[in-house]
Amino acid sequence: MGTKSSTWTSRVLALFLKDFKSELRTRYSLNALVMFAVITLTVVSFSIGMFSLSSKVKSSLFWIVIFFSAMSGLAQVFIKEEEAKTSTLLKLVASAEAIFAGKLLYNLVLLLFLEIIIVPLFIIMLGFSILNFWLFLCVLVLGSLGLVCSTTIIAAIVAKASVKGALFAVLSFPILLPLLVTVISGTNLASEGASFSQGLRDLQILFSYTVVMFVASFMLFDFVWEE
Amino acid sequence: MISLEAKNLAKSFGFRKVFEGINFSLRGKESLVITGKNGSGKSTLLKILAGLLRPSKGEVNINLESQIKNRGERRKLISFVAPDLSLYDELTALENLEFLANVQGLDFKPDELNKKLDEVGLKGRGEDRVSSYSSGMKQRLKYIFALLSEPQILLLDEPGSNLDEPGLFLLDNIIAEQKKRGILVLATNDKREIKYGDKILNLDQQGFSFIS
Amino acid sequence: MTGLLIGTVVVLVFLMPPPQKELGDISRIFFFHVPVAWVTVLAFLVAMVNSILYLSRKDPVYDLQAAISSQLGFLFAILATVSGAIFAKNAWGSYWNWDPRETSVFILLLIYGAYLALRSAIEAEDRKANLSAVYSILAFITVPFLVFVVPRVFQSLHPTDSIVNSQIKIQMPPLVLLVFLSSLLGFSLLFVWIYNLEVKLNILYKKAKEIHSVG
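Residue numbers (this note's numbering), protein chains in the order written: chain A, 474 to 700; chain B, 711 to 922; chain C, 1491 to 1705.
Rather than coming from a laboratory, the hints here were simulated on the basis of the structure. Only a predicted model underlies this, so the values are computations on that prediction, with no experimental measurement involved. Errors might be hidden in some of the hints.
Straight-line C-alpha distance at most 30 angstroms; calculated DSSO-like pairs for lysine-lysine [what the hints assert, rightly or not]:
| id | chain 1 | residue 1 | chain 2 | residue 2 |
| --- | --- | --- | --- | --- |
| 1 | A | K558 | B | K819 |
| 2 | B | K819 | B | K833 |
| 3 | B | K779 | A | K558 |
With the rest of the complex left out, here is chain A (with noise of 0.2 angstroms):
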């Protein structure tokens, strides 16, 4: 018994850990996110039947899946807290940074998880040919990075607001239009076989974007959180 001194990372890591086991138990933004996904993907590749795609069209409608299913699943993190009135537990044990750092992690994990599902998927049910692999998973996984790190603080907005609805995908949209836009050519190129060199501003303008926004959210959480 007693005080052990933790880290704040090992703090991060408990509140990450408890949103995990809970989601593991009940699996609400699972099952949302992956049906969701699979539903679109479908119905995508159904609609478009022998009909072929260039590339292009290939990775935009690629982002577009991933970009809706997020809207889908990705706001639960913050909106289950206000539901089940739990947000004034945490609230008395954890910092806001420790919070958004948490919840920032989970949904990354969520959207990776979502992402190993689908990518396989997508290349199967759309022929979808990647030539530059590695580029393709650079850019997937930093794009992904960046929309969980602007994401995760409009989902803790909506959270707040008595009517939910589309409001997540309605305020995500235009912040994430920068990152969509970016990282379909990005995609677009890893698909033609363009080498990294080629692919490098794209991911520059990700890996900016990123940061910038990290930060942003970082700091401007307190003011979300905080009544």
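Given chain A, put chains B and C in place with the hints provided.
Here is chains B and C on its own, set in the frame of chain A:
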């Protein structure tokens, strides 16, 4: 020696004024009972003291040798229990406690936590999900949580709610323990609980009244 | 003061007919469209600054100003988008081209829309103010990225239009320039005027409500 001071606290929600001009000072092992009708702002005041809400005017000062302004430091010293405080329903009691201990940087082994469950009459219920708990059981679990950090300032909102006779007996012990440790602030309508305070603050009067 | 403003606006409406003859009458909308688009951006800046001021000083006046600036910005953004589409149709043959400037104004429109949607989704005043201030700042931060990113979208579609655009900017004889600048000034002043009016009106309205609820 710990001290808790309320300076000119006021709170309004939009145009609705809940209270204003609240002043009091507690130090060492003093205790305060806050009374008032429903809606007089007891819970709101307690939440402001706990750091969960910002006051519209005034400030809450906490001193331990010197003034503590850092929110993280304050969090370590304060514990709060209220009827609307919820734990995670989908997790078991033990999982909740483990999480709450870890996130605060407190070191407790599972059998130590089990022992605490025994002490509040929840023996053997550690592996059950909180969703299966009655409100009385949840209240007891909340007390375990609040006391994990051995707080110097304990804030209780309607502490006897949902408790049966044994539960109220347990509460009596908890309060006695706290009085040996530090400050206690209790908000209640229950006349039986008024005896727990050295001082009483009644929110019903215009402003407030102080009866020692 | 207000007389001068109204006078400026009226003058500019009258000055509009004489000068422009180059690409046909409709292209005069240029005098209308560009200043309006400029005001949209100005309103965005004003909203963002007020948001920062609100978060640091917590004075509800700043929140009010941010909201009004955004409402006006939204209106101007609609006008800018529509006038831009008409101009585009006339100059390049189609209403919508994803030309960088058009896209930017449209994105601003989306941001304003999102901001106003957020405000209407929250009841409590202080929550509304805090959250919309945060969003306003977040939105502003993404704008620099658009500068890099949007031209690339455009480039992949219409490589030639940017030349046409810049051509119109370069050749502006003195009289045209004068009309353009006065239009710019006129619309800016119009914005400032309506903005101030709305702010004062809202403050009075809130005071009246306060007196009413206490009494």
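Structure-based check of each hint:
1. Taken as a hint, the A/K558 and B/K819 pair is honoured in the structure, with Cα atoms around 28 angstroms apart against an allowance of 30 angstroms.
2. In summary, the hint linking B/K819 to B/K833 is supported, as the alpha carbons are separated by about 16 angstroms, within the 30 angstroms threshold.
3. In summary, the hint linking B/K779 to A/K558 is supported, as the alpha carbons are separated by about 27 angstroms, within the 30 angstroms threshold.
When the structure is compared with the earlier hints, no violation turns up for any of them.
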